[in-house]
Each structure stands twice: as structure tokens, then as C-alpha cells.
Amino acid sequence: MKPLLEVEDLKVAFDTPGGRVEAVRGVSFTLGRERLGIVGESGSGKTMTGRAILRLVQPPGRVTAKRLAFDGRDLLSLPERGMRALRGRRLAMVMQDPKYSLNPVMTVGRQLTEGLRRRDRLSAGAARRRAVAMLEAVQIRDPERVMGAYPHELSGGMGQRVMIAMMLIPEPDLLIADEPTSALDVTVEAEVLRILDGLVRERGLGLIFISHDLPLVARFCDRVLVMYAGRVVESLAASELEQARHPYTRGLLRCLPAVGGPRGPLPTLRRDPGWAE
Amino acid sequence: MALIEIAGLEVVFAARGEAVRAVRGIDLSVEPRESFGLVGESGSGKSTVLRALCGLAPVSAGRALIDGRAPPALGRIGSRDRAFARRVQMVFQDPYGSLHPRHTVDRVLSEPLLVHGLGGRRERDRRVEAALQDVGLDASFRFRYPHQLSGGQRQRVAVARALMLEPSVLLLDEPTSALDASVQAEVLNLLSRLREERGLTFLMVSHDFAVIDHMCDRLAVMQQGRIVEVLDREALARGAVREDYTRALLAASQAHAPVQ
Numbered sequence: 001m002k003p004l005l006e007v008e009d010l011k012v013a014f015d016t017p018g019g020r021v022e023a024v025r026g027v028s029f030t031l032g033r034e035r036l037g038i039v040g041e042s043g044s045g046k047t048m049t050g051r052a053i054l055r056l057v058q059p060p061g062r063v064t065a066k067r068l069a070f071d072g073r074d075l076l077s078l079p080e081r082g083m084r085a086l087r088g089r090r091l092a093m094v095m096q097d098p099k100y101s102l103n104p105v106m107t108v109g110r111q112l113t114e115g116l117r118r119r120d121r122l123s124a125g126a127a128r129r130r131a132v133a134m135l136e137a138v139q140i141r142d143p144e145r146v147m148g149a150y151p152h153e154l155s156g157g158m159g160q161r162v163m164i165a166m167m168l169i170p171e172p173d174l175l176i177a178d179e180p181t182s183a184l185d186v187t188v189e190a191e192v193l194r195i196l197d198g199l200v201r202e203r204g205l206g207l208i209f210i211s212h213d214l215p216l217v218a219r220f221c222d223r224v225l226v227m228y229a230g231r232v233v234e235s236l237a238a239s240e241l242e243q244a245r246h247p248y249t250r251g252l253l254r255c256l257p258a259v260g261g262p263r264g265p266l267p268t269l270r271r272d273p274g275w276a277e
Numbered sequence: 001m002a003l004i005e006i007a008g009l010e011v012v013f014a015a016r017g018e019a020v021r022a023v024r025g026i027d028l029s030v031e032p033r034e035s036f037g038l039v040g041e042s043g044s045g046k047s048t049v050l051r052a053l054c055g056l057a058p059v060s061a062g063r064a065l066i067d068g069r070a071p072p073a074l075g076r077i078g079s080r081d082r083a084f085a086r087r088v089q090m091v092f093q094d095p096y097g098s099l100h101p102r103h104t105v106d107r108v109l110s111e112p113l114l115v116h117g118l119g120g121r122r123e124r125d126r127r128v129e130a131a132l133q134d135v136g137l138d139a140s141f142r143f144r145y146p147h148q149l150s151g152g153q154r155q156r157v158a159v160a161r162a163l164m165l166e167p168s169v170l171l172l173d174e175p176t177s178a179l180d181a182s183v184q185a186e187v188l189n190l191l192s193r194l195r196e197e198r199g200l201t202f203l204m205v206s207h208d209f210a211v212i213d214h215m216c217d218r219l220a221v222m223q224q225g226r227i228v229e230v231l232d233r234e235a236l237a238r239g240a241v242r243e244d245y246t247r248a249l250l251a252a253s254q255a256h257a258p259v260q
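Chains A and B are the protein sequences, given in the same order. With the UniProt record's numbering, letter number 134 in the first sequence gets 134, and the count goes up by one each step, no holes. With the UniProt record's numbering, letter number 201 in the second sequence gets 201, and the count goes up by one each step, no holes.
Everything hinted at is true.
Facing chain A, according to a computed beta carbon distance under 8 Å, are these residues of chain B, among others:
1. G151
2. A181
3. E186
4. L188
5. A210
6. L250
7. S253
8. Q254
Since the hints were made in silico from the structure, they are not lab data. No residue lacks a Cβ here, since even glycine has one placed at the ideal position from N, Cα and C.
I would like the entire structure built from these sequences, with the hints used as guidance.
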């Protein structure tokens, strides 16, 4: 089967007054209808990889790739118009922080129905019904109240679920979720993961799950890419994380405290300049 | 006598004409040199307990004492508050938000000394340099601004600032939850070392059971403004947990446990 997404030698560079900064330095992978995790520390280029796929990197950032194709279509040569159409319907991204990604002066209901009315030309009533149904799907108990609420009236967990609902309304084929649960409590996190998991299984969604939390990704995803300094240093099945070979991956796992673990100083990561080569 | 003494503490906020009971009657005491943890989900009231202890949240009923003394009144600064600041300092969750963006590290660290009239210029210089060294930053960091530092370096500066007045109690509000795992390990190690060297007492808040377990001798699990269970480290290691809520939190944190 043809992959949903093909990425070959993806690079993102910024020309700044202080010189050239290469945020992503030749990342390659393919994605099917599966859960792919991208992990790494802040600054490793994982978010930039996600944004580059959706062509959301702003100048002076420049994106190049040998191949960047979604469902067989080349994304790099697509005019912005075509890209916008794809982004609305087939590609979506959930950002980390609902506080900054929802419009603070628009009710949730208006934000959720805007696309349905403009893009899909639905009537107000039909758009509203779709939005309420999607809020129910992300386990919001009182969707009618939430429709009339402003973002600041929602808790972090509710805001995050509203964003996920918004991204899922057009039923995308590919969802890039950037730290979608790191602002959430563990119980809400489990709920959000269950929702995403259901979408991959039932609707055949392709999911790129970006996170700094390696154990979480190992538990949730099918495959994991480990990024360091703009490159993929290791790629492995999530179930094989215990057998990770790269010293960076192993170091990241070892430095986490564990309940009932030893009391002495935690192992820290000694970075080898060679990892960035 | 316990160094931190909390009895029947209630914190009530007024929001849109409604009373929100953030802390609903809790008791706990922390001995000198002990490291005590508060663990719970967001909204459980754990941070509010810290804030009430240092006068950043109202004590609506009961008491919250450090060294037998109540925190300074909200919004007023007097000489009594300066004495309080020399005993108790707080480290906040977000090093991006808790350092002044237009003050150099040098200014951040010397300000407490100036406010408290401690030492002349040379003495201040010496203490700023020593403080940087204590938190593992070399002298080249002294005249940098917060935006020129990484998250971990900023949190080191925040720890150094909290220690400038040589307090005996540190209130730590999620001090590593904004940091990457590798940087978290470094900051936790730093805090443990400083506690040992200086005989500090910690009251530490986190949503992360593993972090609290690693850092604390005893811990209280909070839910909806109440303490549901107090555990020591040994009971936790044996899994001697009474409450379902604690068990659920623990299970969630162990699902994240590293692969050995």
C-alpha cells in the first residue's frame, strides 16, 4: 500500500543576522495509517518537522526536501491555494497550548462552526449539530454549555479537547499532534489518547505524535523516531524501546526518576558532539 | 517543634460572586530538614497551599505557620516581611515567567542583597559569583539576560536567587515540570545537593509522583482541596496505599516509568 506521507531529506533552515541556523537537517520517513511518535528535547527540531510538513514555516525559514508528498501529491510544488484546501480538509495539526491557539474573543461554538459554514457551506443549524456531535466525541459532557463559552472559561483539559474536536471536524487523513497532552492531567491525558487511538483504528487516521515524553510515546505509538539536533538519530518500533541502542535515547530513558527507584543522584545525559554529526 | 505547621487551613477565593474553596481544611507539619511533597492533579489545591504559606493567597481559616509565624499580610510590605523573606523563599514552575526579562542575571541575584541592605559592593559581587558557582553556572553567565539562557539555566538562576538570602525553607512549585527530562535530572540533583549542604527544609509541589517520590521523605496526596492520604517513602515503595485515588495516580505515573 502506498504510504500516506513520504518525507525524504527534509531540511528547515533560517538565515538570521547571526548566521544560518539549521533546525531540521535531513529527516526522512514514511507514514501509513498508524501512530508515529517523534521524540526529542526542546530544540531538537520535532515541532519544526511537523510545521514544515504542513508548510507552516514562515520566512526567513526555508524548507527543502528531496520529496515531500501527501497521498502521492507533491506538497512543495503545490500553490498556496491548493495547500490551504488540503490543510482545511485532509491535513490538520493540534498545537501544544489551547490558550494560544484558540481565538480568545470568539465563542467555542463560533470557532468550531466557522470552517463548516465557510468551507462546507453548511447551514447554521447543521454546522451546530456537527460541532456538538464532535464535542461529544471528545468526551465533553456538557457540549451545549461549552459551545457558548469563551476559551478562558474552559480548563486546560477542556480547551485541549475543543482544539482536537476542531481539527477532527473536517475528518482529516493526517493529524500532526504537537505535545497534545503535555498540559493535561494524567486522567485527562488518558482520555485524549483514547480518542486519538480510536480515530487511528476506526477511521484509518495517520497520526504523527510529537512529544518530549519518551515513555508515553513508547506506550501509545506504533513506531518512534528519536530526534537530536535536527536529525533522526534512531528509529524503532515502540515495543523495542528497551533495546534502544543510541546513547542519546538510552540516556533520555535513564534520567527519569521512578517511584521506588534509588535515591542517589539521577544519571544525567553526557552529550557527545558526535551525535549531531 | 515542626518548622512548617498547617492546621485547619482553608483558602477561599471569590470568583464572579461565587466562593471557590481552593483548600478545604488541611493539616500537615514538616520537621526541620525534612523534604515533604504535595502531589495531586491541577486544581487539587496543592500550589495554593504553598502560596498561602508565603502570603500570596489568603488564609481564610485555620493557620499556616513557618517557624511559628504567620506569613506577611497580602499586598503589604514591612520590615517583618523582610525577616520572613530571609527565612522562606519560593521557586516557581515557569522560569520564563519568573525572571525579569530586562534584568541581567547579576541584577536578579544582587537585588535581594540590596533590598535587605546586605554587604557592600564587593561583598555583593563575591556572593553573586559564589551563588552562580553553587548552581553550576560559570562566571560568563553573570551579565546575560534571561532570553540568552536555556530553560534549565534559567531555573538554575531562579534557584540561586531563592538562596541569596540563605533561607532555611524552600517552597518549590513544580520546579522542573517545564524542563526536558535530562535537564530535570540535573535540576533535581542540584536541589538535593543544596538541601544536604545547607540543611534546607523543602515543601515541594508536583503532579509527578515519581519526582515527588525521588525528592521527598514524606508526601501528601491532594484532591479537591483536601489531603486524602499521607505516605512515607517506604510505604510507597511497598505499595502500602489505602486510597483508590492515590492508586490511580500512582498507576498513571508508573505507566510512564522508564524502561530499565
